[in-house]
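Spelled out from the first residue to the last, the chains are:
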Amino acid sequence: MKRAFRFDLNRCSGCHACILACANENRSVLSQNWRQLVTLNEFRHPGLPLVHLSLACNHCNEPACLINCPANAYHRDPASGAVVIDPDRCLGCAYCTWACPFDAPKYNSEKGVIEKCDFCLERLQKGSEPACVTCCPTGALQLVERCIEDIDPPRIPGFSRTKLKPAIEFVPLRENSSFPEVTAPQDPAAISKALSRMIIPPPRKISLHSEWALLIFTTLVTILVSLFTVGVWRSWQLNPLVFLAAGTGAMFFSLIHLGRKERAWRALCNWRTSWLSLEILFYFLFMGSSGLFLLFLPNLPFWGWIGTAVGFCTLFAIDRIYQVAMKVGPGNFHSGQTMFNGLYLTGILAAAPLLYVPAGLLKLGLYLHRKILAYRKKSGIRPFFSLLRVIAGFIVPVLFITVLRKKIFLPPLFAAIAVVSGDLIDRGEFYQDLEAMTPRQQMLNDFLQCMQSMEKEV
Amino acid sequence: MKIHSDGIYSTACPRNCYSTCSLQVHLENGRIRRIEPHPDNLATGRGVCLKGLSYIDRVYSPERILQPLKRRAGAHDFMPISWSEALDTIAAELVRIRDVWGAQSLLYYSGSGTKGLLNSVGLEFWRLYGGCTTTYGDLCWPAGLEATRLTLGDNKHNAPWDLENARLIVLWGKNAAETNVQQMLHIDHAREKGAMLIVIDPRRTDSAERADLLVQPRPGSDGALALGIARILINKGWIDNNFISHHVHGFKEFSEYVQAYTPEKTARISDVPAAIIERLAAAIHEHPPLSICAGFGMQRYTNSGQAFRAIIALLAITGQIAKPGAGWIYANLQSHIFSTVRDPVDSFPPQVPDGVIRVAISTALLGPQMLELSDPPLKMAWVERGNPISQNPGTGKVLEAFRSLDFRVVIEQFLTDTAREADIILPAKSFFEQSDIIGAYWHPYIQLKQKIIEPPGQVKPESEVYWLLAKRLGLSVQQLSGKIPDPDDSAVEAFLESKLAPFPELTLERLRRGPVLAPGTEEVAFADFHFLTPSGKIELYSAEARDRWRLDPLPAYTEPEESVAGTSTAAQRYFLNLLTPNTKNSIHSQFNNLPSIRQFSPKPVLTIGAADAASRGIANGEPVRLFNDRGELFLEARIDFGLKKGCVCLANGWWISQGGGVNFLSLARETDMGYGAAFHDNLVEVEKVKL
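Residue numbers (the numbering used here), protein chains in the order written: chain A, 1 to 458; chain B, 459 to 1149.
If you're looking for bench data, these hints aren't it; they were derived computationally from the structure.
Ideal Cβ placement from N, Cα and C applies to all residues, glycine included.
It cannot be assumed that every hint is accurate.
[To be verified] Residues from chain B shown here face chain A by an in silico Cβ test under 8 Å; the list is partial:
(1) 495
(2) 507
(3) 508
(4) 639
(5) 643
(6) 646
(7) 667
(8) 670
(9) 671
(10) 672
(11) 1042
(12) 1045
(13) 1068
(14) 1070
(15) 1073
[To be verified] These stretches of chain A come out as covered by chain B in the derived footprint (C-beta under 8 Å, 3 or more residues):
(16) 8 to 15
(17) 23 to 29
(18) 130 to 139
(19) 314 to 328
Start from the sequences and build out the full structure, keeping to the hints where you can.
So, in structure tokens, the structure goes:
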């Protein structure tokens, strides 16, 4: 019998019992509760209800964690429909924590693996309900038989709208009593204004600070792919040992953030549905084919072009990985994504205007577009770095390989160094622009929207 | 050590809390593995609160005191000592103090930290010792209890689950979502059936969130509000004349008295608009049956006993008593079957002192009266189940009084503010470590909180400590017999069986399986219309109020002594009412020290309304100084747009060592009746702290 949580918004009074019941049952780490409570309108705007939402895992019909996990650590329990992680298969890459908008997978830093709600499977098998349901003193949390395949869940504050088909039912607020009529006279507009100044955004899940190793890894891969491509294209003599050593070094940086490095090989397990898995697969193929070409077949460019193709597949896969957390507007194209970086760098290294002009213009356009948006939002402008990024990344390299070409030693190399420096800044911003949705962030967004629509009504 | 076999054990949480939940404790490998609700309790069977769930954290806490501790001479820290050294030292002090000053120079202070019949062992010991001084009254609820007793004759109400039959529920000063969370389910069941919910509270609490109407009176003005509503009900004829003529005493005098409380005057006093007062009266008229659930905070004023009498009068004149879905839901003492005298009278000082136990200190006035007492003056204190330093009003004076003593013994689980003042700390048991029997004050169940694990470390239950001390004082087995059980489980069970003997339906064997309704429980209280008042009726006019408490026999309204609308000197300098409610995160000063709870309430915060913050230049999250003539606290401000203007709010129970200690600001002062503590007669100011 497939199961789903049912949550009654009328009944939850925010008592936190579900969280402790879950923590007791599952012995989770104190700072990483598997269940969480988020609240709309904590400061009690008189024109809006205060609503609590208690969430753990929704055991989605199309679970982002399971689909994106590179290690095949997740499976679905056929009896209950629970999406379950096997910690012995988890390599601790935490990619599922980016992919899940409900913040259900939790990284246990003591064990270096992900843990999460599994409907308390052991309890279910013994005929009990999940601990959170058993202990909920107001009956707000219940377990029901799942019958929600086609039901579109109603708009619930704090609950992200996704295509994952989460297996949760809601009892929405009763219309006639969603919040109390307050007798004291108040000015809603002034309150909204004061409130918007008080709001503190929730902590970021992804940032440059936490992902610096991945910045180095992806940049190195981009450089290697570009260098190899130009090597094949322009018949450069790349030292195979140096090249392979650099490739192995890049690999090392990709391991740094893993909780269980000894299980890194498991990242190849789910190449069917996980872009992260494909990235690693392509990267191995790139290293293999480029090594083969450089060491044994340098006179057969066909093999070189195969290596190039696999290399750009790697860059494509890298970009797809980050799509789960990229929200920068049209098409979700970012000027710092590796495919564009690779094409541009290849063009500069090869001094091929037909490549670097369109790639550079695309990147510059996307970059300026983002900066205009940042200027409007008054956040993320970073004038100094932006100027440096444009000069180093676009003006200097183009000058080096065009007008200054004769005046400097090895112009493509120095142009490439300038490109990489500029792109490093861009890529740094790329990581800052990543935003994994969480219920807290969603609740804040919904609250701001509630206030806006209330102001419009006034 | 005896190992208890793994399995599921029934027990009950013995805290000073409405819910007194029935629990099922799962024991695995000799450790408490999980805590779940016991489904047999119709009031609490649905779920457990976070405090109940935090017991696993609490029992096995690395911070827990597991052996006797002795203050290092001249220092503020403690060193572990053996039980024999601890008991020898205490026994020597007891003998010395009794010889030099007399037994009554010892203060035996016991709080409400844990319930149980074995609590009586303490006083039995002090009697054998030769006497002691104790307190009367109560910090918590006696003004309301006494108001109820004077009006209805007894403190009892309908079964908690009967609330589902109400058509109008008024939560008057009660925040059930945090202090009685299981009641919220019964309220929601009533709401599902179409009942109306009105909350009267200066705060917009989680209990108010799904209400139809939130009425926010000025703190301390509830009595006037009730009188204003009563006037409308009477003048519009929205009363039950038949009920009044049979069961109400003093209606005529009451109806004359309330004529002064016109909607306009009531609005002026209570700061509730006249139109809302009229709507409240209309709601009462249109939606019977009416249940009024009154909280404890509202009766911690110097005028609150009278205010409560006025609120109960609303039910009396509309006939909303002794019916399903109706009534006065304040305290249900139907399970208090083991004492011949029920609260609040049980906590009053005896009219004729017995010469052994000197019941001389009002709990509300602990600090000043400890200092004033003479013949003999106090020289030693023994504190158990309580944390008077942070929890009694006037912390400054309480501290002074405790520090002026020669010797202090505190029995505690953790290093609380009171334990920190001790000369010797004895480790206290948890309720899983000794069997006992408890009642409740919301639901009518008798419960066994049975022993499930052995006390950890060197912890000994209090009854064993008394037994060992009695031996050291040379008391014989015959003297202890029937008073202090021997320190083994079978003696404790025999002691409990003897208490159960008068009630054939109650046996330990039966109670081991789960909660049992107290013999004679009335699901609908007063259904026999038998009111234990002098007139045998519901008394709106109470001669006892005049004779015992020197109050108006009618529920007359007066301003609290310390009120913004009053004439006290405080009112000229301090313009904010300090409310010190309980939250879901603690029972007074218990629980909030545990990491599992602390994650939800990391530090004390002062809640302040937006207008009051703005006029003082305070922004959300800024450090502020909360002060009056009695003390000051430095806190973080949190702006709350739902809080009544003129109020600030700081949860009670924060330890001084945690940055709290709310009672530095309160004054030792009694309520108008019942010997309660008027914590909420407390005017303060707040200012921004310049860094």
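Quick rundown of the hints versus the structure:
no.	hint	result
1	495	holds, 7 Å
2	507	holds, 6 Å
3	508	holds, 5 Å
4	639	holds, 5 Å
5	643	holds, 5 Å
6	646	holds, 5 Å
7	667	holds, 5 Å
8	670	holds, 6 Å
9	671	holds, 5 Å
10	672	holds, 4 Å
11	1042	holds, 5 Å
12	1045	violated, 14 Å
13	1068	holds, 6 Å
14	1070	violated, 13 Å
15	1073	violated, 13 Å
16	8 to 15	holds (count 5)
17	23 to 29	holds (count 3)
18	130 to 139	holds (count 7)
19	314 to 328	violated (count 0)
Of the numbered hints given earlier, the model fails hints 12, 14, 15 and 19; all others are met.
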